[in-house]
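Chemist: Each chain is listed here by its residues.
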Amino acid sequence: MTWAGWLLALLQAALFVAAAPLLTIWVKRNKCWLQNRRSPSLLQPYRDLAKLFRKQVVLSENASPLFRSAPYIVFAVTVLAAATIPLISTQLPTTAIADMIVLVGFLAVVRFFLALAGMDVGTAFGGMGASREVSLSALAEPALLMVIFTLAMSAQSTNLASTVQYLHDAGLVLRPSLLFALFGLLLVAVAESGRIPVDNPATHLELTMVHEAMILEYSGRHLALMEWAAQLKLMIFGVLIVNIFFPWGVATELSAAALLIGLVAVLVKLALIGVVLAFAETALAKMRVFMVPQFLNLAFLLALLGALSHVILEVDI
Amino acid sequence: MTIAQFSLPEQLVLILAALVLFTSFALLAQQRMLASIHVFAWQGALVAAATAMIAGVYDKHHLYFSALMTLGLKALLIPWMLRRLVDRLGIAHEVETVVRPALVMLAAAALVVFSYYVALPIEKLSSLSTRSTIAISMAVVLIGMLMMVTRSQAVSQVIGFMSIENGLFFAAVVSTHGMPMVVELGIAFDVLVAAVLFGVFFLQIRESIDSLDVDRLNRLSETDEMNGTRE
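Top to bottom, those sequences are chains A and R.
Under the numbering used here, read the first sequence as residues 1 to 317, first letter to last.
Under the numbering used here, read the second sequence as residues 1 to 231, first letter to last.
Simulated from the structure, these hints should not be mistaken for lab results.
A few of these clues could be false.
What the hints assert, rightly or not - Estimated spans, in silico, between C-beta atoms of each pair: (1) A:Q156 with R:V113: 38 to 46 angstroms; (2) R:G56 with A:T282: 35 to 43 angstroms; (3) R:L103 with A:L172: 33 to 41 angstroms; (4) R:G56 with A:G5: 35 to 43 angstroms; (5) A:L207 with R:R84: 21 to 29 angstroms; (6) R:L192 with A:Q156: 23 to 31 angstroms; (7) R:V99 with A:F279: 31 to 39 angstroms; (8) A:Q44 with R:A92: 42 to 50 angstroms.
Every residue gets a Cβ at the ideal spot worked out from N, C-alpha and C, and that includes glycine.
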């Protein structure tokens, strides 16, 4: 039983990593359709990754070993973070380490090495991107933690799998705190995964870019790993949102039928949230970098209101 | 009783109450004149929706009338009057600077906690499922006051005042299922008359000091003129 469980957990993590570029291209496709453009094929990100893996790595003369090892660390830690998230089932052996605060820690490690790698070569863009990333995450992280605390107040646990399990078993309960936490997490997810209106994933060489500025010096397989890690991060936040706030269909037992339903359910939910993201990105313009702190303050405020409304409205005195 | 034991309409009332509180925060943070009038209209609409839900849940038919009146007055008529006023004064696109916005928001969050503690003993006297929203409506009142304190623009002070009234009405609805109809009508007309009078005052203030920044009313105009002639 246990080795079967571990095998399933491995398969789930592999599926997570393999499907991440698919979510990115799905959002891009929807955006193309909304903007009357012809969209690239669904295989395009895989072709891009394959091409980058084949290409030669060009390194700057003053690149340190840290610069060369950062892509591997970033990718490995992101995969580890993805592996802890209950994608299809809440009953896998990896759920024991699926603590949400650990997840925030993983993301912080990723960001730390990204920022270091951005500053390593000493170009102006890298330093600028790193400084922006760090200052934005200093605001996004408290908001994310506040969302987690709000959830933990309802579910009595910071473990991701048991939170999903609790909300799944509770059925349809309209909780004000979850409503606020959902909107707070949506704003944090947009900021953390570098989407419009905070950052534009489709630009290079623009003064407002954040994530692209940090990985500007990378090429070849290093760039492939960095881009894959960014796609994974979007997928991580997407799965967090759909599986925590809309946990219907997630497999709560380890039977073939339940796992199949869980797989189909999570794919449908991710496809829907991809459409929502595409609509939001089409409707919104990118905001000034100096406006982003206000955006993240709103996320924090929403999460704080979620925690307060849990205490005021949802529990008995 | 925790929230899972309530019926879905009762849970919806709580959600609407939480959204009313959120609009209060949005009013406090909003610096654009037109946007804050729109947020105020939304707050009125949410209060009206919550009232209608309570009327449905507890089968109180007179509350439907209150909800309709709130919707007409607070969500449509008064915002429309304010809108026409700011258009006439030419300040519709004005952006007001709030001093230390982050601190003001933290103060508002502290006010929510404060009203929760104050409302706790009151809530123990009630057995209604909406009793926990008494704290919310108190917080709406206090945040409206905070808005009046932190703003210097006369129109936003009036919006703060009107949102205090929203909070009071909401408190009456959730704690006792509404005031007697005579009182309610009286208050409604009071608010309406206040809105008209405020409009006249705006024009007067504007004429005498050529601005709606009430901080400038602290200064004596004659001394300013004397200083002006001396220089």
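Chemist: Look at each hint and say if it fits the structure.
Modeler: Taking the hints in turn, this is what the structure says about them:
Here the CB-CB span from Q156 of chain A to V113 of chain R is close to 22 angstroms, at odds with the stated 38 to 46 angstroms. Range check, G56 of chain R to T282 of chain A: Cβ separation about 38 angstroms, and the 35 to 43 angstroms hint holds. At about 39 angstroms, the beta-carbon gap between L103 of chain R and L172 of chain A stays in the expected band of 33 to 41 angstroms. A hinted range of 35 to 43 angstroms for the beta carbons of G56 of chain R and G5 of chain A is inconsistent with their spacing of about 48 angstroms.
A hinted range of 21 to 29 angstroms for the beta carbons of L207 of chain A and R84 of chain R is inconsistent with their spacing of about 42 angstroms. At about 49 angstroms, the CB distance of L192 of chain R to Q156 of chain A disagrees with the hint of 23 to 31 angstroms. V99 of chain R and F279 of chain A have their C-beta atoms about 37 angstroms apart, which keeps the hinted 31 to 39 angstroms range intact. Here the CB-CB span from Q44 of chain A to A92 of chain R is close to 47 angstroms, well matched to the stated 42 to 50 angstroms.
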